[in-house]
Every structure is written in structure tokens, then in C-alpha cells.
Amino acid sequence: MSERDDHELRISKIENGTVIDHIAGGHAPDVLAILGIGSSTDEVVSVGMNVPSDRLGHKDVVKIEGRELSQDEVDVISLIAPAASINIIREYGVAEKHRVERPAVVEGVLSCPNHDCITTDGEPVTSRFEVLDDGVRCAYCETILRENLTEHIDV
Amino acid sequence: MLDRDHVITAKNLSRADIETVLDRAAAIERDPPDRDRHAGRLLGLCFFEPSTRTRMSFEAAIKRLGGDALDMGPVDSSSATKGESLADTVRVIEGYADALVLRHPSEGAATMASDFVDVPLLNAGDGAGQHPTQTLLDLYTMRENAGGLTDLTVGIMGDLKYGRTVHSLAYALTKFDASQHFVSPESLRLPRSVRYDLHEAGAQVREHEDLDDVLSELDVLYVTRIQRERFPDENEYRAVAGEYRIDAETLDRARDECIVMHPLPRVDEIAPDVDPTDHAHYFEQAHNGVPVRMALLDLLLDDTDDGEAVDATEDDSANGGSR
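Heads up: the sequence lines are chains F and E, in that order.
Its first residue numbered 0, the first sequence is counted upward by one per residue in numbering that gives the first Met the number 0.
Its first residue numbered 0, the second sequence is counted upward by one per residue in numbering that gives the first Met the number 0.
Hints are not guaranteed to be accurate.
[What the hints assert, rightly or not] In silico EDC-like pairs for lysine to aspartate or glutamate, Cα to Cα no more than 20 Å straight-line:
#, chain 1, residue 1, chain 2, residue 2
1, E, Lys160, E, Glu242
2, F, Lys12, F, Glu64
3, E, Lys62, E, Asp114
4, E, Lys160, E, Asp232
5, E, Lys160, E, Glu233
6, E, Lys81, F, Glu106
7, E, Lys10, F, Glu129
8, E, Lys160, F, Asp115
9, E, Lys81, E, Asp70
10, F, Lys12, F, Glu100
11, E, Lys62, E, Asp87
12, E, Lys81, F, Glu122
It should be emphasised that the hints constitute simulated quantities derived from the structure, not laboratory data.
Since the structure is predicted, the reported quantities are computational estimates derived from the model, not experimental observations.
If we strip away everything but chain E, and leave its shape as in the complex, we get (with noise of 0.2 Å):
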């Protein structure tokens, strides 16, 4: 069981907290769960900001387990046009759903929903702030494909301000004792917020303006796309952009073993010819959000239902600490 009814921030989450639901989702990748596990129960999506991965991986993961989701739709057809509020809404389809996915431009929405319901809810990305299943599926990917997930040396690159993966990431990596490299141009670095977090935790952390200083140490370079629409001038963007690309080229000075994550969708930050490379691990990441995103609801959802839980205990070997 998770210690938590609701999961709203990555900084939340403890260590077991996440090694119970990645082990969960190694156990269901393994042996998947009968068809009606959770038949009859209803995921309410209340996204209010357009999605694809984060949604159809909810959508798939609630399905796959027997149950079915509720979509409130695009957000334009929805009450919150005629002036309802979020806390109203989240009141509302709680009364349909028996959890709720939610996705809001706003810093702190879930926290606030949270407030309002009784049934879990789920942060699935709030504005600028967190989106914690996001981590857990990124953390998932680590420790099938980088030896586990303690002692690893990561280089986070990007949009750090507004990139909700980032912060949420920085958080969870920093229980695992994680060496962390952030890499961005100075206007784009990690939020006081996060930085404060960060310090207090103790984190192994250091900062840099170009992935050439660290590049080679990393077991992991996890990147994420430069918001153009963050640069009040384009000429701004364009300056920096090109510094924060890679290519099959770049990752020559990379360890055979580093593996390339993103959170997807990608734009130019990472060329196509990474693809067939052994460092590229992205698509198999996005892949990833069905079985932890199934382990997470089966967690949350356990509590009330009567079947058995999914055996997480058996052959761990992909579990271990160890590198």
C-alpha cells in the first residue's frame, strides 16, 4: 500500500513510497493482472490542458485493469467555460469516478482539489509546478536501463524554470542520493523553490551552462525541450536554442552506457539520428507510463477492492539498489 491517499508532489513521495509502486509495475509488466481486476471502477480525467501521453497511458492503465475512465473533454466544451470553479468540478465528478487524474495550467491546483475530495487524486501536471507520475515512470526507466537507481550520476538538461518533469524529478533523485547536474542557459535555471528544496534535502547537486562539463560522467542525460514561448525575444532563443541540442555526434563523448531519456513530445532538441542509437531510451520511457501508471492505480485503488494484490515480491533482480 502507498503511505498517502493522494499524489500530488514528488517531494511527498518516500523512498518506498516509490519502490513500492516500481516494483508493483515490474511485477505487472511480468505477469499482467486479470482483465477484471478492477472491473467497474471509473477514472475520472479532468484535464485542463491538452495531453496525449499523460492521458492515453491513464486511459490504457485504468482499462488494462478492468475498469474505464470518464473524460470530462476538451476543456473548452467543458463547465469550467461557464465560470465554474476547479474546486466545484473536482466535487462533481467525484461523485461519478472512485479517483481522479487531474491536469490544470495552474501552480498548486492539485493541492487545492486534493483539499475538496475524498477519493484519490492524482497530480498529472500542474502548470509550472509538479507532475509526479511523470517521475515515477521516468524513475521506472532508470532502474530497468541504468542498474538500479542509487549512486546514479544524472544531467538534467532544458527548459529547468518551467519544465513541471525537472522539478518533480529533482525531488525524487535527491532520495536516492542521485549526483545531480542541471544544464540550461542562466535565464532558465532551477526555481528558487526547487533550489531551496534541494539544499535543505542535502542534494548532491551542481549547475552548469554547458553539457560538455559534465557530459561525460553521466549515466543518465534526461532532456527537455527549451520553451521558445518562454523568451520574451526570439533572438533570446535562437542564441541559446542550438546550444542545448544533441545529436549521435554529441553522445560520441557520452559513456557507452549513458542512456537518453525526455519527457516527450520532443521538438529539435534531440536529432532524429539518436534514435537507433543504444542510448536512446524516450519511446520505451513513454511505453513505460501504461505499467506504472496500472501499478499506481492498483495501489491507490487496492484499499476497496476485493481482489489480490499483485504479487510484487518475486524475482526483484531489476529492483536492487546495486549498480
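For reference, chain F alone in the conformation it holds in the complex (with noise of 0.2 Å):
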């Protein structure tokens, strides 16, 4: 059985919204928490954890219907999720794929962990972070964040 044919088997296809796919093993909901999707979601949500995959090994796949994602959104995914692949369907169809980048910078995204950061500080600024290999770094008080980054968003 195929990579793909395992998936449709176990999640099964949208008319219309996003796949987000070859998200690493366990890291779907820090997606969902990207995505502001909780347990109190009215959204239409299919999660699939820890399905085999001949690229990663284990990878989750997020499927959301009706809903595609900003760039915004994307640029964050990418900071925990590099090797995730993002689909638009429209009806029944892959409209467009796109694998990832990760941006240079992301704007307004995360907030700085640093309490004493002038952006913690009631100032009329949005949020900036340099993405470095392993992680991202305040432009304003260069505090860098390596670990929990979903901790931090603020999408």
C-alpha cells in the first residue's frame, strides 16, 4: 500500500481548504495551536498522528476544511515544521502545493519571551524575529528563543 493510499484510508478527503502534510511525528497540535484551532473549534478538523511515512518515517498530516492559510500562518508552520508540505483543495483537487520556506524574518507572529523587551512594553510596534538555523531571534532586544516556540505565538 502506498504512502498515499495509507492516508485516504485513514483520513478521508476535503472538497475544499488545506492540507498541511510531512509535519514530524507528534507535532500537530503545536499546527493546531499555530492555527488557533482548539478544542472549542467549530472548524472541520482531521488529524492524523504518527502515520508512516517513506520521507520522515512517522510524520501527522493536518486537514482542514474550508480554510486556507495566510502566509503568516505558513511562515510560522515552517519555524517547527521545515519539512511540512502545504496543499489548497479545491474541489476534491490540489488547487496548488507548496512545501515551506523559511522566511527570513516573520513580523507580528510571536510575541518576545523577554519581559524586559521594549515590545513587551505597551509600545505602538509589531513583534519581529530574525529566523536563524536553529531558531529565531528578537530584532529588538536579540533575545533568542530556540525552544517552545508555540509557546510564543501570537498569530
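With the hints as a guide, bring both chains together as one complex.
Set out below in C-alpha cells:
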């Protein structure tokens, strides 16, 4: 059975929306957190976790009915799921397919964990983080954040 | 001319920028400019934290250039107490002044403020972040007293984690290929972001907990205060503080030419018996704040002035990189 056949058995096709594929195994909840999807969501969401994958060994898959992701959302997903692919689904078919690319900078999507940073001080400023090979760095106070990025998502 | 409009972090000052400022400062010391060189120019002093040396040396610098300072006064009597944002404050004061000096307790404050103003903005300390103009006077003092800036072996001791002067100095010394030795208790080591930058820049860096590991190699020993308020436990502070205090006897183990510097104010990390020794250069270092800040303001204000630039090309014997 091919990888594709395997997921289709596990998670049904969607008519319109987004499929986020090739998320590293166990990170689907982080992607849901980035997208603001929690237990009280009204959205129709399918999640496959630790699905066998030729490329990753095990992967997670998230399918969201009726929603196409914004570039900001894709940028943040790229930070925690750099191998992910984004499939935009229209009329049951793949209309667009993108590999995520780590941007040089993410703006307005993370909050700085440094309580002494000027961005946490009520100033009219949008958070800005430089993307490093292994984390992100606040463009204002220069704090480097490598772990637990999802705790600082502010999309 | 400086290749920038604002002075926010030492990381963004090129070696050429630094040398331009230091050369200009040396020229100003040799041949002070006319008292009306920047007549009519106003420098806005926005100090959201107490300061004596930095504030007064900027004020002295602009006045010695013929200009004047506008001081927003103590922060507890400023509009900040009414809840005005920093972004609004600097935009307002920009309308009154030709350049701004900002000290603020929040890290990144100067970076943010510079996004809101068109006049030159100088970072005079942003929390535990950066203090680039202090670094310029530190480098000037080293260049004048340690035989140049290239190939120096510099020990930096004290609170390296929260010491903004240390962070700026480390970036600047890297541009001159200095060998840097950081001496501190484990809990006050350099922050992750500075270590990252030094690594990326290929800096020659070693870290120590004991000054004696490196003291005899140093051309410069730069001491900063171990900040008692940073320790959650007074006993923990007392356990380390004594290890990072120097006196004249400590310096018996240093090279005769080793110069001792400190951004001041000191508390007890340098004993008074060091003051009369040839090692002590911290008061001269503080005095250098005026010519160096005069040089910086002169360069930044030059673009819109009609005045002739101070000639920094003659008698550069003190400017060389050789030692």
C-alpha cells in the first residue's frame, strides 16, 4: 500500500481547504496551536498522527475544511515543521502545492519572551524576529528563542 | 562621515566607523573646535533611567561644540508617568531637537525609537542590552594607553550577563581581532545572544571563573560591578563577589603595562589602593566621554552644518594599529 493510499484510508478527503502534510511525527498539536485551533473550534479538522511516511518515518497530517492558510501562518508553521508541505484543496483536487520555506524574518506572529523587551511594553510596535538556522531572534532585544516556539505564537 | 544615521548598537558600527570617531576625538583633543561650531544646534536628552556620567558628558559635549541640550528631566516628572509611549515621546522631542540621546530601561528601546524619528538617535543604554557610545570611549582609552587596538588581549570581568557596556565592548573588540577573556561566576556569563554573535563573527573568546587563569596575559583588564540586585539570594552574592574584587596586590600578578578600566560607578570591585598605580585608567576613561561624544555629535551633525570638519588626518601617531 502506498503512503498516499494509507492516509486516504485513515483521513477522508476534503472538498475545499488545506492539507498540511509531512509534519514531523507528534507536532500536529503545535500546528493546530499556531492556527488557533483548540478544543472549542467550530472548524472541521482531521488530524493524523504518527502515520507511516517514506520520507520522515512517521509524520503527522492536518486537514482543515474550508480554510486556506495565510502566508503569516505558513511562515510560523515553517519554524516548527520545516519539512511540511501545504496543499490547497479546491473541489476535492490539489489546486496548489507548496513546500514551506523558512522566511528570513517573521513579523507579528511571535511575542518576545523577554519581559524587559520594549515590544512587551505597550509600545505601538509589531514584533519582529530574525529566523536563524536553529531558532529565532528578537529584532529589538536580540533574545534568541530555540525551544517551545509554540508557547510564544501570537497570530 | 559616519556610514549611518543612528548609533544603536556596537554590532552595527564598522571598524571604519569606529576609527573615524576615534580619529575625530583625537583631533578635537589636539585642537578643540571653535565654540560656535554647532551654534544653535540642540541635543534632546531623553533619560528614562538615572545617569550622571553619560548624561553630563553628552551635555558637556554639545555645549563645547557651541550647541545646547534640552533635557526632559527626571522620568518621574515626565509625560511617561501619564502613560505616554516612548514612540510618542521621541516623536515629540524630535520636533525640538537636532539629535536625540536615549537611555531607557527596556532592551531594544533605541532600536524601536529609531524607527519613529528622522533625526540622529544615539543609544545611551537600553536595559541590559547595549551602550555603544560607552564602547567608543572605552576603545579610545585603550587606543591611547595600550598602544593601539589590534591584537590586544583583553580581560572583561564582572557581571557579563546584564552588563550592557560589556556586550557592546565585546562586539567592537571582535572587529579589531582582540583576544577576549571573559571572567565571571557561572551565573553571570555572557547571554546567549552575545555568545551567538561572537561565535558567528569568529571572535577569539575564552571564559574563566578565576581571574588568575589569565591575568598575567592581559593588556587590558576591564572590570564591571557584580550587581548585588541580580542575585536572588544575598548569600549567593557574597559567595562570589569577593572573588571578583581587585586591589593593588592582585595587580602584582599583572603585566606592568596592563591597564585597568571600569565604566564607573564602582562600588568595591576595585580597591582604592589601585587608584595611584600606573594601572588605573578609569577616571581618564570617564573624562574621555566628552571628546568622544563631541566627535560623534560633530560627525552626526556635520551633514546639515556649514562648518568645516575638524581635521582628523594630521598627527595620527596615536591612531595606528601597531603596538
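Here's how the hints hold up against the structure:
1. A distance of roughly 17 Å separates the Cα atoms of lysine 160 (chain E) and glutamate 242 (chain E); the hinted pair therefore holds under the 20 Å criterion.
2. Restraint check for lysine 12 (chain F) and glutamate 64 (chain F): satisfied, since their Cα atoms lie roughly 10 Å apart, inside the 20 Å limit.
3. Between lysine 62 (chain E) and aspartate 114 (chain E) the CA atoms are separated by roughly 27 Å; this puts the pair beyond 20 Å, and the hint is violated.
4. A hinted pair counts as satisfied when its Cα atoms are at most 20 Å apart, and lysine 160 (chain E) with aspartate 232 (chain E) qualifies at roughly 17 Å.
5. Taking the CA atoms of lysine 160 (chain E) and glutamate 233 (chain E), the gap is near 18 Å; set against the 20 Å cutoff, the hint holds.
6. Restraint check for lysine 81 (chain E) and glutamate 106 (chain F): not satisfied, since their Cα atoms lie roughly 29 Å apart, outside the 20 Å limit.
7. Proximity of lysine 10 (chain E) to glutamate 129 (chain F) is assessed by CA-CA distance (about 15 Å); at most 20 Å being required, the pair is judged to hold.
8. For the proposed pair lysine 160 (chain E) and aspartate 115 (chain F), the alpha carbon gap of about 14 Å is at most 20 Å, so the pair holds.
9. For the suggested pair lysine 81 (chain E) and aspartate 70 (chain E), the alpha carbons sit about 18 Å apart, so the restraint of at most 20 Å is met.
10. Between lysine 12 (chain F) and glutamate 100 (chain F) the CA atoms are separated by roughly 25 Å; this puts the pair beyond 20 Å, and the hint is violated.
11. For the suggested pair lysine 62 (chain E) and aspartate 87 (chain E), the alpha carbons sit about 27 Å apart, so the restraint of at most 20 Å is broken.
12. Between lysine 81 (chain E) and glutamate 122 (chain F) the alpha-carbon distance is near 14 Å, which keeps this suggested pair within the 20 Å criterion.
The structure fails hints 3, 6, 10, 11 (numbered hints given earlier, in ascending order).
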